[in-house]
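Since chain C is already given, all that's left is putting chain A on it; use the hints.
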Amino acid sequence: MIEARSLTRRFGSFTAVDDVSFTVPDGALLALLGPNGAGKTTTVRMLGGLIAPSVGDATVSGFDVRANPSAVRARAGLVTDAPGLYEQMSLPAYLDFFGALYGMPQPRRRQRIDELIEFFELSDHRRERMSGFSKGMKQKVALARALLHEPTALFLDEPTSGLDPLAARAVRDLITNLKHSSRSVILCTHDLDEAERLADTVAIMSKGRIVALGAPAALRARTSPEATVRITLAEPFAQGQAMLTEVAGTLPAEGAQAADTLMYRTARPQEVNPQVVERLVTAGARIVTVSSETRSLEDVYAAAVGSPQETGLTSSGAESLNGAVAASQGSEAQ
Amino acid sequence: MSAAPIGDQAEMSTFVPANDVRATLLIARRAAIESLRDRSTVISSAIFSLVLPFIWVFAVIRPTASGSDDTLAALLIVYLLTVGLLPLTVASGIAAGQFAGEQEKGNLAPLLAAPVSNRAIFGGKVLGAVLPALVYSAIAIVSYLIEIAILISPAKLTLLPPALALSMIALVPAVAIFAATVAAVISSRVRTYQAAQSIAGLLLVPIFLPFYFLAFVLQSWGPLAVLGGVVVVLALDLVLVLIGAASWRREEVLARQ
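Sequences listed follow chains C and A, in order.
Heads up: the first sequence at position 43 corresponds to 43 in our numbering, and the numbers run straight through without jumps.
Heads up: the second sequence at position 47 corresponds to 47 in our numbering, and the numbers run straight through without jumps.
Same shape as in the complex, but just chain C (with noise of 0.2 Å):
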């Protein structure tokens, strides 16, 4: 478990974390999103008994960050947001490095070594220099250092960035078998849909303060309640737009609006939706689909900190071509 309370920090005059207080159980992951700068790392640092907090306290599988910090370090994973490796050696003997000043015995290094550089597919690579690996092969290489010495606690900073769709895939399907298996699991992270995948509690931070906190449904519900409803019709239905405001819980949607689509928000979908759909159909509409939308983590985010791109922000869905329309259904509906 990890547990921040009132977590400070200040360099000289800058507080860079500020009264940051949040309980990672068992078994869990928590998000911290916000924009360069917010604190995050530092709040990382913390608990990972790199830096001593100004005031507060924190601790990590029961040891307490201040007082016990190398207690800690030899608990907790990290990975940092730079792969940060020694690129001269080959990648077991920079593993076996790490392993024997985390106390590991040789044999169950080397064969935990093994099993990280299979589980990577690293095993091509195990002769080369570290300086000719590609960033991805790197990032894989930091996770790879964050596991070996089985952490109860993992710091993970960015952990998949630079690596394909389908290494990012895994790792992420690593994340969550971590968790499964009573890690605790902190996650930096500036994509959107990775938190909103991984996470049971997100925490946006800015400015050194945490401003939004909570389950990401339990965000986004509190954000706005309500859904906006997208119907898309075979045919434009002139009359469909006038039968929408007869129905009781509807409200108009924002935005531009294709002849063929309807749309509407509601706070009650689930007794709204069926109500209009019968009532569309009995009046010869011919309904292809009916899609809802409720409020992104990327609105909960704009919400607390600011606009994505003053932020800096990425979502991964946004980069792709059905994030992108996503996006700006996003937009659409707001």
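Keep in mind that the hints were calculated from the coordinates and are not lab data.
Just so we're clear, the structure is a prediction, and the values are computed from it rather than from any experiment.
Think of the CB as a built atom: it goes at the ideal place given N, C-alpha and C, for glycine as much as any other residue.
Be aware that one or more of the hints could be misleading.
To be verified - Across the chosen pairs, the derived CB separations fall in these ranges:
(1) C/S13 with A/V60: 18 to 28 Å
(2) C/N68 with A/G222: 48 to 58 Å
(3) C/T289 with A/E252: 57 to 67 Å
(4) C/D81 with A/E252: 14 to 24 Å
(5) A/V217 with C/G132: 34 to 44 Å
(6) A/V217 with C/D81: 18 to 28 Å
(7) C/D81 with A/A74: 49 to 59 Å
(8) A/V60 with C/Q111: 30 to 40 Å
(9) A/I55 with C/A93: 36 to 46 Å
Using the frame of chain C, we list chain A on its own:
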């Protein structure tokens, strides 16, 4: 990818981290191997260890070899110390890169996140800078003696008083530790490798000159005086390393990022 390497839950983080001595040696070994594989370090070290001794033997000592044995013996001792000390600039270069350089590359944080003490990290970094420099110093001294034997005469090697020569050679690691510790302390307190190297480079001249001066004053008093000087320098090293290790804080290094 194959099955997830989750590991045995019962075994989670039950390992006892390496103690200070073992951690220091592991860190030193890693740093030394890394620098011995670094091309720019190898090239500059080869110049100090092989090229410069050859030039001195060929261009300075050889022309005076036909003169008096006393002059030649004095010259041989002077250059024995010089060829031994010059590769130590490598030690300060490596030490300068140990904190500031690694911080710039981003590979310091994983080490700082490991369960090793500040003492072990600092000591390992200093030792890791000293060891390759000593290897290069040893190569320089051996190549110097071989070149004297080949380019002048093997018989001239007997002009080197063994006790004094060994005392002079003993001074080399003592000065290496001093230079590396100073450079490591500077490296841990600046932001960039370039700044660390510049400051360490500027400090090396005033550091080396007194040692050089001390060596020459003491050599005229005999090998025991030189050995006494070595002991004093080693004591100075110990104090400097202890102060450096005690005052080094991992979070100060991270705060500079």
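Q) Would you say the C-beta atoms of A/V217 and C/G132 sit inside 34 to 44 Å of each other? A) At roughly 52 Å between Cβ atoms, C/G132 and A/V217 fall outside 34 to 44 Å, so the hint is violated.
- Message: Looking only at beta-carbon atoms, does the pair C/N68, A/G222 fall within the given range of 48 to 58 Å?
- Response: This hint holds: roughly 54 Å between Cβ atoms.
* To do: Check the following: the C-beta atoms of C/D81 and A/A74 are separated by a distance inside 49 to 59 Å.
  => 58 Å, holds
>> The hint says 30 to 40 Å between A/V60 and C/Q111; measuring C-beta to C-beta, is that right?
In response: Given range 30 to 40 Å: violated, Cβ gap about 58 Å.
Confirm or reject the claim that C/D81 and A/E252 have a C-beta distance inside 14 to 24 Å.
Because 20 Å falls inside the window, the suggested range holds.
query = So the hint says 57 to 67 Å: do the beta-carbon atoms of C/T289 and A/E252 match that?
reply = Taking Cβ atoms as reference, C/T289 and A/E252 lie about 59 Å apart, which means the hint holds.
The hint says 36 to 46 Å between A/I55 and C/A93; measuring C-beta to C-beta, is that right? 37 Å Cβ-Cβ, so the 36 to 46 Å window holds.
| said: Taking the Cβ atom of A/V217 and the Cβ atom of C/D81, is their distance within the range 18 to 28 Å? | reply: Distance hint for A/V217, C/D81 is violated at roughly 53 Å.
Check: Quick one: are C/S13 and A/V60 within 18 to 28 Å, going by C-beta?
Finding: 58 Å, violated
In the structure shown, a violation is registered for the earlier hints numbered 1, 5, 6, 8, in ascending order.
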